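For the record, the sequence lines run as chains A and B. Under this note's numbering, residues 1 to 357 are what the first sequence spells out, in order. Under this note's numbering, residues 1001 to 1464 are what the second sequence spells out, in order.
For the record, the hints were derived by calculation from the structure and aren't laboratory data. Computed from a prediction, not measured in an experiment: that's the story for all the values here. Treat the hints loosely; a few may be bogus.
Cut-off 20 Å, straight-line C-alpha distance, at most; resulting in silico cross-link-like pairs (DMTMM-like, lysine to aspartate or glutamate) [as the list claims (entries may be wrong)]:
#1 LYS1252(B) / GLU67(A)
#2 LYS1252(B) / ASP1301(B)
#3 LYS1272(B) / ASP202(A)
#4 LYS1311(B) / ASP1301(B)
#5 LYS1311(B) / GLU276(A)
#6 LYS1041(B) / ASP274(A)
#7 LYS1252(B) / GLU276(A)
#8 LYS1041(B) / GLU201(A)
#9 LYS1085(B) / ASP200(A)
#10 LYS1252(B) / ASP1327(B)
#11 LYS1085(B) / ASP1067(B)
#12 LYS1041(B) / GLU35(A)
#13 LYS1085(B) / ASP274(A)
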Amino acid sequence: MQTEFLEEARRQAEICNACRYCEGYCSVFPALHAERAFSDGDLTQLANLCHNCRGCYYACQYTAPHEFALNLPQALANVRQDSWEEFAFPRAAGQAFQKSGLRIALATVLGFALLIWAMLSLASAGGEGFYAVLAHNTMVAIFLPAFLFPLLSLAISLRRYWRAVGAGPLRFSDLRGGFAAAANMRNLNGGHGDGCNFEDEDRFSQGRRFAHQAVMYGFLLCFAATSVATLMHYLLDLRAPYPLWSLPKLLGLSGGLLLTLGCIEMIRLKLRADPELGASGATSGEFGFVALLGFVGLSGLALYGLGQTPLMPAMLALHLGAVLAFFLLTPFSKMAHGFYRLAALTADAQKKREVAR
Amino acid sequence: MTLASPQPDIAVIGGGNAALCAAITAAEAGARVLILEAAPKPYRGGNSRHTRNFRCMHRGPLGPLTDSYTEEEYLADLMKVTGGKTDEGLARLAIRSSEECLPWMEAHGVRFQPSLSGTLSLARTNAFFLGGGKGLVNAYYRTAEALGVQVEYEAAVTHLEIHDDRVTHIDYTQNGETRRISPKSVVVASGGFQADTDWLARAWGPAAKNFLIRGTPYNRGVVLADLLEQKVEQVGDPTQCHAVAIDGRAPKFDGGIVTRLDCVPFSIVVNKNGERFYDEGEDVWPKRYAIWGRLVAAQPDQVGYVIIDAKSLELFMPSVFPPIKADTLEDLATKMGLPPAVLAETVAEFNAACGDTSGFHPTELDGVSTTGITPPKTNWARPITEPPFYGYSLRTGVTFTYLGLKVDERAQCSIGNRPVSNLWAAGETMAGSILGQGYLAGFGMTIGTVFGRIAGKEAAAHAN
Chain A
1 MQTEFLEEAR RQAEICNACR YCEGYCSVFP ALHAERAFSD GDLTQLANLC
51 HNCRGCYYAC QYTAPHEFAL NLPQALANVR QDSWEEFAFP RAAGQAFQKS
101 GLRIALATVL GFALLIWAML SLASAGGEGF YAVLAHNTMV AIFLPAFLFP
151 LLSLAISLRR YWRAVGAGPL RFSDLRGGFA AAANMRNLNG GHGDGCNFED
201 EDRFSQGRRF AHQAVMYGFL LCFAATSVAT LMHYLLDLRA PYPLWSLPKL
251 LGLSGGLLLT LGCIEMIRLK LRADPELGAS GATSGEFGFV ALLGFVGLSG
301 LALYGLGQTP LMPAMLALHL GAVLAFFLLT PFSKMAHGFY RLAALTADAQ
351 KKREVAR
Chain B
1001 MTLASPQPDI AVIGGGNAAL CAAITAAEAG ARVLILEAAP KPYRGGNSRH
1051 TRNFRCMHRG PLGPLTDSYT EEEYLADLMK VTGGKTDEGL ARLAIRSSEE
1101 CLPWMEAHGV RFQPSLSGTL SLARTNAFFL GGGKGLVNAY YRTAEALGVQ
1151 VEYEAAVTHL EIHDDRVTHI DYTQNGETRR ISPKSVVVAS GGFQADTDWL
1201 ARAWGPAAKN FLIRGTPYNR GVVLADLLEQ KVEQVGDPTQ CHAVAIDGRA
1251 PKFDGGIVTR LDCVPFSIVV NKNGERFYDE GEDVWPKRYA IWGRLVAAQP
1301 DQVGYVIIDA KSLELFMPSV FPPIKADTLE DLATKMGLPP AVLAETVAEF
1351 NAACGDTSGF HPTELDGVST TGITPPKTNW ARPITEPPFY GYSLRTGVTF
1401 TYLGLKVDER AQCSIGNRPV SNLWAAGETM AGSILGQGYL AGFGMTIGTV
1451 FGRIAGKEAA AHAN
């Protein structure tokens, strides 16, 4: 990892540890105060525990122009970003995306869209609905590896993370603690329930927390829709297309809407936020990822809306291309943060359990 | 000279807690309020930026506060630290009003934190701001601006013209321009004079040049001096201030809370000649914390040196600058610029005076003391023997000065026995009216909030 990022985070953490005014904002500070010296692993854990809510920055009496020049959100964001590159498998892929995420996301979407378009043109499948243009087995042949590879890659990354931060054997209660903190995004409520300081200097708002929730739950609903449809296909022999009042459609539509609106709001908030409080040089990657995720949702909705028109094959290609790009990029894009965050929250729950014992 | 337009009803001089409480209260009463803050926006808030808590009377659990803290108990605490040097009427007013302040603060955006580590039990008496004083200041600026209060930054007031017992106009400079306003009412809440080290040196003697200023560099007492020159009634002793011993490597200005050192009870403290000069184990925080500023100020070059050994290193809050470390006392002395032989002898003498240390208890007065040594160490006296040895330098850190404007229970200033009809003061600039000496944690914010609100209310009533 880049030593200058770690050194800077260490310098700032030591000042924060002597001050402690920010104790109530989020989980970072109690975890920080539990240490007297900070190893690289400690800093990596703190960095991934930080949700970049910026509450501590705006409350800090030591931000520039003060000579201590604290900017803990940025210092931790840099370590965090760097840790994702470090833990990514394969490593080179992580670095490439973070440098120019928007271009890579666009290229990937277009590439996959063209690829699928070519397949559609080459072979007529003779099925119903979407399967009329792309056979179910072809879809599975493309998407199964595209789904399994990121899972494997993430598993390797998370194992690297777990070792680096020195976390111990996992218990169910740790996982429960981690998931509970993620489920309501406790660390974005500011410690007082007023939310965070993301988009308008020191004003507290729930904007980012709600947008984030919309994206997360929207994504999970879409994922559930696909999972339910898969089960219906294989277990009940119920083939797509499904009617509006079916579980896959209800989950997919609500999820798609939440995901799309959540991503639009995230981009709006990001545009208003001070980039100096985020990771240096990661803006392109972050916008690229949110745009891609939002496009997955939007193209899914468009596919539903235009499913009965001649535009359907084109929309199908775009949507499947976006989904494919999204899955393949997951371990190397901002999407990975969700997994690292969960790991950090789980490790934090574990640490609290050990202290309490 | 530019005339501001439209003219405000009320000018509030200063931009910290007291100023903001005054501005918000006056704006809620319907007045057009202008805040003149000398600091640029990132440094707004005066010393309130560095504060952390509010001492509050309460008859039962209140907000983050547990149990109760009565008027009598609060007053007794104040009497103890001030040695009775207070105006009891104003002190009781501040204490009694603090109870209604806490919900008012919450209603105006201030958030408190439920519990804290690293600070000895203040959960009953003091409410801690979430994020500290800058968080409070931010919340008040948001609230004030939503109420239509106009804020001018880098607006340094140079003169208040007083004629026939009223302020007729205020001159201030901003962007290299001099401006003049003639508000109906004026609230002065621009702090003490501690950042003007020349003034400090006039009061304390040349030793004051070696003091560090813990808070804002913008409290230079310009308005205070201007008013005192015009015979506005003064209060307090110019040598009285809140001063503590802080890390000698702290910045000259604005080091704030992180420069504090909590290691004194576990140490011996020597002067630059390597000699001990006071009982390091006299008492726990915060009493001990507040007396060491003066003790160090009385030593040659106004410096002290804390010496501990490895077994004490983790018994106190982490310091912002790492301690100086060496394997022998002689090496440590050399690194710290102390006479090595004298330090070794002082430590040997101290060690020989230590007795049974089995009762050592770091968080309470444990009675583990020395015998046959002057000065004694009356608690936590353990021999300094276990390498590596660690040292910190200490200097006097001034928080704020007590010389200020005398006010009545309506926060109004006076000349002789006659009130200045449109001039009120709040915060550190009048805190000497209540704090004759000593300090009580969180009391500065109490004075600022209570008198800021009173001044705002009175100023608005006068303007309307």
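Verification of the supplied hints:
Taking the CA atoms of LYS1252(B) and GLU67(A), the gap is near 11 Å; set against the 20 Å cutoff, the hint holds. Our distance criterion of 20 Å between C-alpha atoms is met by LYS1252(B) and ASP1301(B), whose separation comes to about 15 Å. For the given pair, LYS1272(B) sits about 45 Å from ASP202(A) by alpha-carbon distance, which is inconsistent with the 20 Å threshold. For a cut-off of 20 Å, the pair hint linking LYS1311(B) to ASP1301(B) is broken: about 30 Å separates their Cα positions.
Distance hint between LYS1311(B) and GLU276(A) is unfulfilled; the C-alpha atoms sit about 42 Å from each other, more than 20 Å. The hinted pair formed by LYS1041(B) and ASP274(A) meets the criterion: a straight-line CA distance of about 16 Å does not exceed 20 Å. Between LYS1252(B) and GLU276(A), the direct Cα distance comes to roughly 28 Å. Violation of the 20 Å bound is thereby established for this hinted pair. Taken as a hint, the LYS1041(B) and GLU201(A) pair is honoured in the structure, with Cα atoms around 12 Å apart against an allowance of 20 Å.
A hinted pair counts as satisfied when its Cα atoms are at most 20 Å apart, and LYS1085(B) with ASP200(A) does not qualify at roughly 46 Å. Annotation: proposed proximity of LYS1252(B) to ASP1327(B) is violated, straight-line Cα distance about 30 Å (limit 20 Å). Distance hint between LYS1085(B) and ASP1067(B) is unfulfilled; the C-alpha atoms sit about 28 Å from each other, more than 20 Å. For the hint linking LYS1041(B) to GLU35(A), the alpha-carbon distance of about 34 Å lies beyond 20 Å, and the restraint is violated.
For the proposed pair LYS1085(B) and ASP274(A), the alpha carbon gap of about 49 Å is over 20 Å, so the pair is violated.
Consistency note: the structure conflicts with the earlier hints numbered 3, 4, 5, 7, 9, 10, 11, 12, 13.
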